[in-house]
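Enquirer: Please take these sequences and the hints and turn them into a complete structure.
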Amino acid sequence: MAGVWIIAEHRDGNFRKVTFEAASAAKTVAGELGAEVTAVVLAKGLKDKCAELGKYGVSKVLYAENDVFDYYTTDAYAEAVAALAKEQGPAAIIFGASTQGKDLAGRLAAKLDVGVAVDCTGLSVADGRLKAIRPMYAGKVYADVLLKADPQIVTLRPNVFDVKEVGGEAAVEEVSPAVSEPRVKLEEVIKEAEGKVELTEATIIVSGGRGMKEAENFKIIEELAAKLGAAVGASRSAVDAGWRPHTDQVGQTGKVVTPNCYIACGISGAIQHLAGMGSSKVIVAINKDPDAPIHSKADFSVVADLFDIVPKLTEECKKAD
Amino acid sequence: MNLVVCIKQVPDTETQIKVGADGKSISIDDIKWVMNPYDEFGVEEALKIKEAKGGEVVVVGAGPKRVTEALRTALAMGADKAILIEDDNLYGADPLFVGKLLAKAIEPLNADLVFFGQRAVDDDCGLASSAVAEALNMPQLAVVIKQEIDGDTIKVSRPIEGQTNVLSAKLPVCLTAQKGLNEPRYASLPGIMKAKKKPLEVKTLADFGLEREDKIEITALNPPPQRAPGKVIQGETPEELAANLAKALREEAKVI
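Heads up: the protein sequence lines correspond to chains A and B, in order.
Residue 189 in our numbering sits at position 189 of the first sequence, with consecutive numbering throughout.
Residue 141 in our numbering sits at position 141 of the second sequence, with consecutive numbering throughout.
Each hint should be verified, as a subset may be incorrect.
Here are the computed lysine-lysine pairs in the BS3-like style, where the Cα-Cα straight-line distance is at most 30 Å [said to hold, decoys possible]:
| no. | chain 1 | residue 1 | chain 2 | residue 2 |
| --- | --- | --- | --- | --- |
| 1 | B | Lys170 | A | Lys86 |
| 2 | A | Lys319 | A | Lys219 |
| 3 | B | Lys198 | A | Lys213 |
| 4 | A | Lys185 | B | Lys155 |
| 5 | A | Lys288 | B | Lys254 |
| 6 | B | Lys100 | A | Lys148 |
| 7 | A | Lys148 | B | Lys203 |
| 8 | B | Lys104 | B | Lys198 |
| 9 | B | Lys215 | A | Lys60 |
| 10 | A | Lys196 | A | Lys227 |
| 11 | B | Lys104 | A | Lys86 |
| 12 | B | Lys203 | B | Lys100 |
| 13 | B | Lys203 | A | Lys288 |
| 14 | A | Lys191 | A | Lys219 |
| 15 | B | Lys146 | B | Lys100 |
| 16 | A | Lys219 | B | Lys203 |
| 17 | B | Lys196 | B | Lys50 |
| 18 | B | Lys194 | B | Lys65 |
No lab work stands behind these hints: they were computed from the structure.
Expert: As structure tokens, this is what we get:
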């Protein structure tokens with residue numbers, strides 16, 4: 001049986017969590033397909049860390065050491081994975097729908113002339129093929145997707161698939177796929193403030209909307225977020241008002257997020273916003289307007305002024321320490 | 001500069017999406033169709049480059065006749081020419097096939113830059129740009145919030161998790177636009193009048209020797225999973241409300 005592959009994602013010498021999520025999801029479907037999970041690691045100086053992928057269900061690692069793999073480039077990664085896939089013929093290639101994964105998916109699929117199911121929230125096996133579930137229209141509908149050509153390429157939405165430790169060590173085999181000089185160069189990396197949590201990978205998000213009234217008031221959102229180790233999000237109106245950067249926007253024309261807990265403060269719940277956060281596991285709405293649509297989506301509603309509630313909620317969370 | 005912007009026509013984001021009678025595509029009755037919002041950033045950036053460096057902006061779309069409206073919107077914003085690959089059976093096609101098709105139309109244009117929106121807000125894939133870049137052998141610079149061209153080199157800012165990468169490449173490239181790149185202009189009334197007279201070339205799949213070929217198949221569309229009914233947190237004072245909410249999140253939902 002052809003194998004199930006994952007593509008490892010790493011930064012600053014460590015594998016990223018989406019890699020373990022992909023390994024765990026791959027292990028589940030590989031079990032049903034009677035296949036094993038192989039991880040492709042393209043990197044520089046990461047060989048020693050590869051065996052630990054076994055902990056998440058990876059049987060074998062194909063490790064390629066090359067200076068050009070030190071940081072991700074579309075060219076080098078797509079070329080190398082495509083070459084390895086053509087040589088070894090995996091049944092499926094699974095990786096995280098991070099910014100890197102989203103970038104790689106299309107180029108890799110185009111090189112291999114196969115299909116891809118992007119940003120999936122469900123993955124199973126039916127009649128020996130993968131069946132992926134993916135939100136469309138930012139989550140207004142969910143599609144069941146079949147991939148008609150091998151390898152079946154699937155990217156998984158971060159923070160949806162559980163990381164499962166199954167123990168074991170992976171065998172590491174060195175490979176050296178030929179790659180051309182990447183045409184895109186990394187000139188500079190501008191790091192965000194220390195401790196800032198990325199929205200698409202956050203387990204908790206505290207988000208503010210029009211009800212925040214002005215940019216300075218986001219301080220109370222930030223304080224609650226800091227206490228909870230959460231990311232700060234915003235509705236489109238808060239972004240368009242210039243209170244928050246574009247990168248904070250949650251919704252159909254912003255980021256689609258799936259945290260364990262989404263706390264919406266002063267957000268009315270426009271259809272585009274509800275689409276972007278509607279698949280959060282637990283939704284909390286804090287809005288003084290009892291008719292705000294956000295309350296109808298919420299697992300827990302607080303019908304009160306956010307300026308009264310949010311700072312007190314922060315206090316409550318501190319008390320628990 | 002030969003500037004090309006690929007445009008998709010999508011349902012307005014206000015649209016309530018309903019599953020169609022076949023159970024695997026959306027019901028397209030009563031939909032207001034608009035230019036994909038992210039594509040507007042692509043059009044705007046192409047126009048800005050044209051204004052600064054000269055050249056021509058060609059917009060390309062594929063789909064049924066109604067896609068003409070989205071292309072006319074781009075022409076009204078200031079694009080020079082449009083190409084429509086007209087086909088009634090393209091909405092919902094495999095985006096990688098659509099990319100192959102677009103590449104055929106773009107190839108003769110000798111593009112220095114091909115713009116896309118970073119994703120279309122209907123299928124949320126963001127794949128067609130990769131197929132175009134691959135077919136035209138261009139580097140892809142995806143999800144870009146800033147660009148600067150110096151000679152034959154382009155430098156872009158691409159936000160990724162926790163950081164922004166500044167990348168450079170030699171033209172030609174395929175670039176996908178993210179919100180923040182610019183503020184798209186509105187079409188002016190004279191612009192709308194002028195757009196009616198601008199050239200709009202209509203092509204078909206047959207002109208490129210292609211037939212629709214999907215490598216993915218949507219077997220069912222379903223409404224989002226139903227959520228259990230919510231609970232209104234009770235309390236007389238803000239303190240009580242906050243305490244009861246914290247308790248619910250901690251003990252009931254176990255998320256904090």
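Enquirer: Work down the list of hints and note, for each, if the structure agrees.
Expert: To see whether the hints hold, each was checked on the structure:
1. Restraint check for Lys170 (chain B) and Lys86 (chain A): satisfied, since their Cα atoms lie roughly 29 Å apart, inside the 30 Å limit.
2. Distance restraint check for Lys319 (chain A) and Lys219 (chain A): the Cα-Cα separation of roughly 20 Å lies within the 30 Å cut-off, and the hinted pair is therefore satisfied.
3. A hinted pair counts as satisfied when its Cα atoms are at most 30 Å apart, and Lys198 (chain B) with Lys213 (chain A) does not qualify at roughly 44 Å.
4. For a cut-off of 30 Å, the pair hint linking Lys185 (chain A) to Lys155 (chain B) stands: about 9 Å separates their Cα positions.
5. Straight-line distance between C-alpha atoms of Lys288 (chain A) and Lys254 (chain B) comes to about 25 Å, which keeps the hinted pair within the 30 Å bound.
6. With a C-alpha separation of about 17 Å, the suggested pairing of Lys100 (chain B) with Lys148 (chain A) holds against the 30 Å cut-off.
7. About 28 Å separates the Cα atoms of Lys148 (chain A) and Lys203 (chain B), which keeps this hinted pair within 30 Å; it holds.
8. For the hint pairing Lys104 (chain B) with Lys198 (chain B), the CA-to-CA distance comes to about 22 Å; that is within 30 Å, so the pair holds.
9. Of the supplied pair hints, the one linking Lys215 (chain B) and Lys60 (chain A) holds, its CA atoms being roughly 28 Å apart against a limit of 30 Å.
10. Of the supplied pair hints, the one linking Lys196 (chain A) and Lys227 (chain A) holds, its CA atoms being roughly 12 Å apart against a limit of 30 Å.
11. With a CA separation close to 25 Å, the supplied pair Lys104 (chain B) and Lys86 (chain A) stays within the 30 Å bound.
12. For the suggested pair Lys203 (chain B) and Lys100 (chain B), the alpha carbons sit about 14 Å apart, so the restraint of at most 30 Å is met.
13. At most 30 Å may separate the alpha-carbon atoms for a hinted pair to count; Lys203 (chain B) and Lys288 (chain A) exceed this at roughly 54 Å.
14. Between Lys191 (chain A) and Lys219 (chain A), the direct Cα distance comes to roughly 21 Å. Compliance with the 30 Å bound is thereby established for this hinted pair.
15. Pair hint Lys146 (chain B) plus Lys100 (chain B) holds up; C-alpha atoms about 27 Å apart against a cutoff of 30 Å.
16. For the hint linking Lys219 (chain A) to Lys203 (chain B), the alpha-carbon distance of about 54 Å lies beyond 30 Å, and the restraint is violated.
17. Under the criterion of a C-alpha separation no larger than 30 Å, the hint pairing Lys196 (chain B) with Lys50 (chain B) is consistent with the structure, at around 21 Å.
18. A C-alpha spacing of about 20 Å is found between Lys194 (chain B) and Lys65 (chain B), which places the hinted pair at or below 30 Å, so the restraint holds.
Checked against the numbered hints listed earlier, the structure breaks hints 3, 13, 16; every other hint is satisfied.
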